[in-house]
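Undergrad: Chain by chain, the residues run as shown.
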Amino acid sequence: MSVWIIVGPLLAAGFAALLIGNARARAAVGGELANLHSRLGYYGTYLAILTALPALLALALWLVLERPVIDFAVGRGLPDQVRMMSTPEQTLVTGRINSISEGLPRLSADDLKVVQGARYGVRTIDDAQKVLQANGVVLGSAPEPYIIAAAYDGLIYHNLSRQIMAGVIALLAIGGFLFGYFRIKPRLRARNIVEKVVLGSLISASTIAILTTFGIVFSVLFETIHFFQLVSPDNFFLGHVWDPRFASADNNRGEGQFGLLPLLWGTLFISFVALAVAVPVGLFAAIYLSEYAGPRFRAFAKPVLEILAGIPTIVYGFFALITFGPLMRDIGAAVGLDISATSVLVAGIVMGVMIIPFVSSLSDDIINAVPQSLREGSLGLGATKSETIKRVIMPAALPGVVGAVLLAASRAIGETMIVVLAAGIAANLTLNPFEPVTTITVKIVSQLTGDLEFTSPQTLVAFALGLTLFVITLALNIYALYIVRKYKEQYE
Amino acid sequence: MADEGVIAAAPQTTAARRLNDPALLKRRYAAERRFQLYGLAAILFGLGFLVLLLSSIISNGWSSFLQTSYRLDVRLDPQVIAPDGKRDIDTLYGADYTTLVRAALAKTLGVDMNNRPVRRDLNGMLSRGVDVQIRDRVIADPSLIGKTVPMWLLAHGNVDSLVKGHIDRAIPEARRQLNNRQVEWVDKLTADGILQKRFNTGLFTYGASSQPETSGLGVALIGSMFMMLTVVILSVPLGVGAAAYLEEFAPKNRWTDLIEVNINNLAAVPSIVFGLLGLAVFINFFGLPRSASLVGGLVLTLMTLPTIIIATRAAIRAVPPSIREAALGVGASRMQTLFHHVLPLALPGILTGTIIGLVQALGETAPLLMIGMVAFVADYPVTPLEPATALPVQIYMWATSAERGFVERTAGATIVLLLFLFVMNAVAVFLRHKFERKW
Numbered sequence: 001m002s003v004w005i006i007v008g009p010l011l012a013a014g015f016a017a018l019l020i021g022n023a024r025a026r027a028a029v030g031g032e033l034a035n036l037h038s039r040l041g042y043y044g045t046y047l048a049i050l051t052a053l054p055a056l057l058a059l060a061l062w063l064v065l066e067r068p069v070i071d072f073a074v075g076r077g078l079p080d081q082v083r084m085m086s087t088p089e090q091t092l093v094t095g096r097i098n099s100i101s102e103g104l105p106r107l108s109a110d111d112l113k114v115v116q117g118a119r120y121g122v123r124t125i126d127d128a129q130k131v132l133q134a135n136g137v138v139l140g141s142a143p144e145p146y147i148i149a150a151a152y153d154g155l156i157y158h159n160l161s162r163q164i165m166a167g168v169i170a171l172l173a174i175g176g177f178l179f180g181y182f183r184i185k186p187r188l189r190a191r192n193i194v195e196k197v198v199l200g201s202l203i204s205a206s207t208i209a210i211l212t213t214f215g216i217v218f219s220v221l222f223e224t225i226h227f228f229q230l231v232s233p234d235n236f237f238l239g240h241v242w243d244p245r246f247a248s249a250d251n252n253r254g255e256g257q258f259g260l261l262p263l264l265w266g267t268l269f270i271s272f273v274a275l276a277v278a279v280p281v282g283l284f285a286a287i288y289l290s291e292y293a294g295p296r297f298r299a300f301a302k303p304v305l306e307i308l309a310g311i312p313t314i315v316y317g318f319f320a321l322i323t324f325g326p327l328m329r330d331i332g333a334a335v336g337l338d339i340s341a342t343s344v345l346v347a348g349i350v351m352g353v354m355i356i357p358f359v360s361s362l363s364d365d366i367i368n369a370v371p372q373s374l375r376e377g378s379l380g381l382g383a384t385k386s387e388t389i390k391r392v393i394m395p396a397a398l399p400g401v402v403g404a405v406l407l408a409a410s411r412a413i414g415e416t417m418i419v420v421l422a423a424g425i426a427a428n429l430t431l432n433p434f435e436p437v438t439t440i441t442v443k444i445v446s447q448l449t450g451d452l453e454f455t456s457p458q459t460l461v462a463f464a465l466g467l468t469l470f471v472i473t474l475a476l477n478i479y480a481l482y483i484v485r486k487y488k489e490q491y492e
Numbered sequence: 001m002a003d004e005g006v007i008a009a010a011p012q013t014t015a016a017r018r019l020n021d022p023a024l025l026k027r028r029y030a031a032e033r034r035f036q037l038y039g040l041a042a043i044l045f046g047l048g049f050l051v052l053l054l055s056s057i058i059s060n061g062w063s064s065f066l067q068t069s070y071r072l073d074v075r076l077d078p079q080v081i082a083p084d085g086k087r088d089i090d091t092l093y094g095a096d097y098t099t100l101v102r103a104a105l106a107k108t109l110g111v112d113m114n115n116r117p118v119r120r121d122l123n124g125m126l127s128r129g130v131d132v133q134i135r136d137r138v139i140a141d142p143s144l145i146g147k148t149v150p151m152w153l154l155a156h157g158n159v160d161s162l163v164k165g166h167i168d169r170a171i172p173e174a175r176r177q178l179n180n181r182q183v184e185w186v187d188k189l190t191a192d193g194i195l196q197k198r199f200n201t202g203l204f205t206y207g208a209s210s211q212p213e214t215s216g217l218g219v220a221l222i223g224s225m226f227m228m229l230t231v232v233i234l235s236v237p238l239g240v241g242a243a244a245y246l247e248e249f250a251p252k253n254r255w256t257d258l259i260e261v262n263i264n265n266l267a268a269v270p271s272i273v274f275g276l277l278g279l280a281v282f283i284n285f286f287g288l289p290r291s292a293s294l295v296g297g298l299v300l301t302l303m304t305l306p307t308i309i310i311a312t313r314a315a316i317r318a319v320p321p322s323i324r325e326a327a328l329g330v331g332a333s334r335m336q337t338l339f340h341h342v343l344p345l346a347l348p349g350i351l352t353g354t355i356i357g358l359v360q361a362l363g364e365t366a367p368l369l370m371i372g373m374v375a376f377v378a379d380y381p382v383t384p385l386e387p388a389t390a391l392p393v394q395i396y397m398w399a400t401s402a403e404r405g406f407v408e409r410t411a412g413a414t415i416v417l418l419l420f421l422f423v424m425n426a427v428a429v430f431l432r433h434k435f436e437r438k439w
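So the protein sequences, as listed, match chains A and B. If you use my numbering, the first sequence corresponds to residues 1 to 492, in order. If you use my numbering, the second sequence corresponds to residues 1 to 439, in order.
Heads up, a few of these hints could be off.
[What the hints assert, rightly or not] In silico BS3-like cross-links for lysine-lysine, where the CA-CA straight-line distance does not exceed 30 Å:
1. B:K252 x A:K488
2. A:K113 x A:K302
3. A:K302 x A:K385
4. B:K86 x A:K302
5. B:K188 x B:K147
6. B:K252 x A:K486
7. A:K196 x A:K185
8. B:K164 x B:K188
9. B:K197 x B:K147
10. A:K130 x A:K113
11. B:K164 x B:K107
12. B:K26 x A:K390
13. A:K385 x B:K26
14. B:K107 x B:K147
15. B:K147 x B:K164
16. A:K196 x B:K26
17. B:K107 x B:K197
18. A:K130 x A:K196
Just so you know, these hints were derived from the structure itself, not from any lab.
Could you put the whole structure together from the sequences, leaning on the hints where they help?
TA: Put into structure tokens, the structure is as follows:
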């Protein structure tokens with residue numbers, strides 16, 4: 001039973017309740033709407049909320065809990081030998097059960113009887129397999145009896161669950177409707193009740209932000225703990241070799257080395273080069289735009305610099321891949337240096353250009369916030385404009401500028417697409433900016449694109465890396481806010 | 001001129017002499033000019049890079065909007081298509097249409113199709129998608145069988161590269177993709193007008209393919225559209241609701257402070273972490289299908305939410321208190337004030353914030369890679385639960401493919417993406433200017 005068959009009529013019932021509620025309220029005062037406590041529409045809305053809302057909430061809860069509960073029930077029916085199996089074998093069993101379960105809804109009633117027969121021992125496994133194969137379920141070998149039993153039971157439980165769910169929802173809707181219908185009287189404070197419900201929904205909308213943060217932390221933390229059960233934290237945080245070595249046919253769980261240090265070094269090195277490009281250019285651009293540029297130049301240059309921030313990072317990465325990388329390599333060849341087309345230099349410069357708008361617009365705001373009196377005092381003493389900027393404005397704006405630089409750094413550290421395309425995948429602990437290195441973000445992408453076995457260290461390490469990245473950027477952001485707040489000058 | 005008088009009249013102490021030293025003054029002015037120059041140079045550096053980037057992408061990509069095709073009169077020989085005389089769907093699907101095209105091409109070139117090397121070379125001139133092109137036309141109109149129909153048929157990717165100048169003719173034959181005879185044919189057909197470059201509608205309608213000439217952005221565009229729809233439907237109510245609560249109703253206590261800090265932090269979290277969240281929660285825990293545009297839409301919603309919340313809060317804050325007080329004064333409740341007066345007036349700001357959030361979401365690649373949208377999807381997805389891909393992810397997949405024909409297509413797809421973003425940004429700026437109210 002599809003969800004829409006239930007949601008559709010439920011919404012229609014809610015709409016009908018709206019009209020009925022309004023009509024009943026109107027009838028209760030004999031047409032004199034001024035005698036109602038609230039405006040007419042609120043009575044219909046009240047009835048509609050009572051009819052539809054509890055049912056919808058129950059539906060959502062049921063859908064969330066359905067799969068885990070059914071999986072648990074099916075799992076209890078599996079024989080002990082399955083529980084004794086190693087994890088990869090259990091995953092295989094689950095996979096086979098799932099592929100049959102996906103195919104069962106496609107079966108006609110007769111074909112389903114064959115599978116039912118096989119489950120209860122009346123028909124043979126081969127018959128069932130033939131029927132399944134004819135409907136697009138491909139099984140490598142004849143399935144064991146408990147697999148067919150598990151898949152069939154899963155289907156029965158699913159159908160049962162949907163039927164009970166439909167019944168519960170219908171009961172809730174009808175019950176809510178009747179409860180509200182008999183309470184509609186002229187003295188009913190419908191507006192207050194409706195507004196309380198609306199306030200509740202606004203509050204739940206705003207807690208989504210908290211839920212997201214918790215979701216990020218917990219989901220990543222959960223998998224990271226799994227990872228640290230397989231690979232010790234010392235190996236991860238202090239290891240200086242990155243060689244994950246995916247599991248192959250002969251070694252069940254490949255002995256890989258998961259050292260964070262080369263990745264962390266690559267991230268920091270590239271971010272350093274990016275900041276070395278972005279901070280001078282961004283600061284000088286901001287200074288020029290706020291102190292020297294005329295209004296027309298400013299109106300033209302500022303949006304153009306903002307465009308640099310609006311270009312998607314995949315475009316930067318592609319540009320670095322086909323144009324900038326080869327360009328750097330050719331320049332290097334002309335000067336006698338061996339610059340690789342995917343190197344720290346290439347990725348760092350391109351990332352630096354992407355960050356320029358962050359530094360320049362934040363610094364622009366900060367420089368503009370310095371009061372005019374400081375400037376005028378300095379100029380009055382005979383300083384040139386550049387001396388004023390260097391000796392008066394910049395020290396005053398320094399905390400804000402440092403905050404902006406830290407925020408830009410956190411952006412550079414979390415950047416993915418530019419480094420995926422422009423920096424390479426070789427985990428390299430090197431000081432040479434002309435060689436390829438790789439970063440934390442590149443490795444997260446490469447460990448997770450491909451076939452996943454969710455319990456292997458090769459996949460779980462991506463979560464550990466993600467948690468590291470999250471903590472680093474969070475710490476940088478908090479530190480930036482703290483610095484700005486602590487050293488902010490209070491003018492008068 | 002007043003300076004000289006002041007300088008002459010000042011007492012001649014060491015410090016005063018140093019301060020009034022004209023050489024020092026000249027150095028300071030030179031430093032001033034240099035400083036100004038650095039600032040200008042910085043801006044020009046940024047601008048120059050932007051120009052370099054755009055020109056490189058456009059120069060690599062504009063040729064992908066044209067695709068070479070042959071204009072041939074193909075005889076739909078019934079002996080080849082339906083040898084038993086049956087014209088049912090299975091027969092029509094299974095027929096070898098490429099033979100017919102080879103025959104037509106051989107006739108135009110005046111070569112003998114029975115010669116095996118000639119046949120091999122002819123094959124190298126035609127795209128493998130030619131089979132599908134004719135098959136679709138025959139199935140749509142089986143009455144064409146037996147007639148000679150003029151058609152535009154796709155050329156092989158190598159022919160396309162040669163015509164567009166991407167293959168160097170000076171390389172020796174053994175290392176080139178097309179041998180000398182094929183190059184000769186290409187030149188002859190181009191001169192006769194049979195081989196032409198036409199507007200590449202396939203770039204927008206085809207799905208994924210292993211050959212460049214039959215691959216396109218169709219699936220990616222639909223996937224991106226599904227995701228944008230999901231983002232708008234989910235994040236606008238949630239974002240506006242949250243912002244309205246935080247601005248109008250929330251008491252100033254620790255709980256709301258925590259919510260605010262959280263929202264600001266979420267705006268700065270790297271996008272790849274959202275991808276991990278989507279993988280762990282939506283795919284692993286909730287069991288949604290991988291590569292589905294619904295999951296992509298959910299992840300992008302979580303990313304766009306902070307942007308919309310912050311923009312809506314600013315828009316609500318800009319509505320002057322007098323409006324609220326007037327509404328309360330005529331007897332409206334606080335909720336009625338919010339929904340009937342404040343939100344409609346804040347709508348332009350909310351709209352602009354939403355469009356900016358959508359623009360950011362459209363260009364995001366990293367989180368979509370995590371949830372598995374790097375799939376080879378050849379058919380259009382019909383519902384948001386079917387496998388799909390997205391425009392920036394398609395660019396990534398083509399960029400990492402080795403064939404030369406894909407480089408051009410990647411740049412073309414990038415141009416399409418940048419055009420979308422440019423149009424959306426222009427709409428946002430236009431809306432902001434048109435509906436901006438000065439209170």
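Undergrad: Hint by hint, note whether the structure agrees.
TA: Results for each hint:
no.	hint	verdict
1	B:K252 x A:K488	24 Å, holds
2	A:K113 x A:K302	71 Å, violated
3	A:K302 x A:K385	21 Å, holds
4	B:K86 x A:K302	69 Å, violated
5	B:K188 x B:K147	27 Å, holds
6	B:K252 x A:K486	22 Å, holds
7	A:K196 x A:K185	19 Å, holds
8	B:K164 x B:K188	15 Å, holds
9	B:K197 x B:K147	26 Å, holds
10	A:K130 x A:K113	13 Å, holds
11	B:K164 x B:K107	25 Å, holds
12	B:K26 x A:K390	18 Å, holds
13	A:K385 x B:K26	14 Å, holds
14	B:K107 x B:K147	16 Å, holds
15	B:K147 x B:K164	33 Å, violated
16	A:K196 x B:K26	73 Å, violated
17	B:K107 x B:K197	21 Å, holds
18	A:K130 x A:K196	59 Å, violated
Checked against the numbered hints given earlier, this structure breaks hints 2, 4, 15, 16 and 18; the rest are met.
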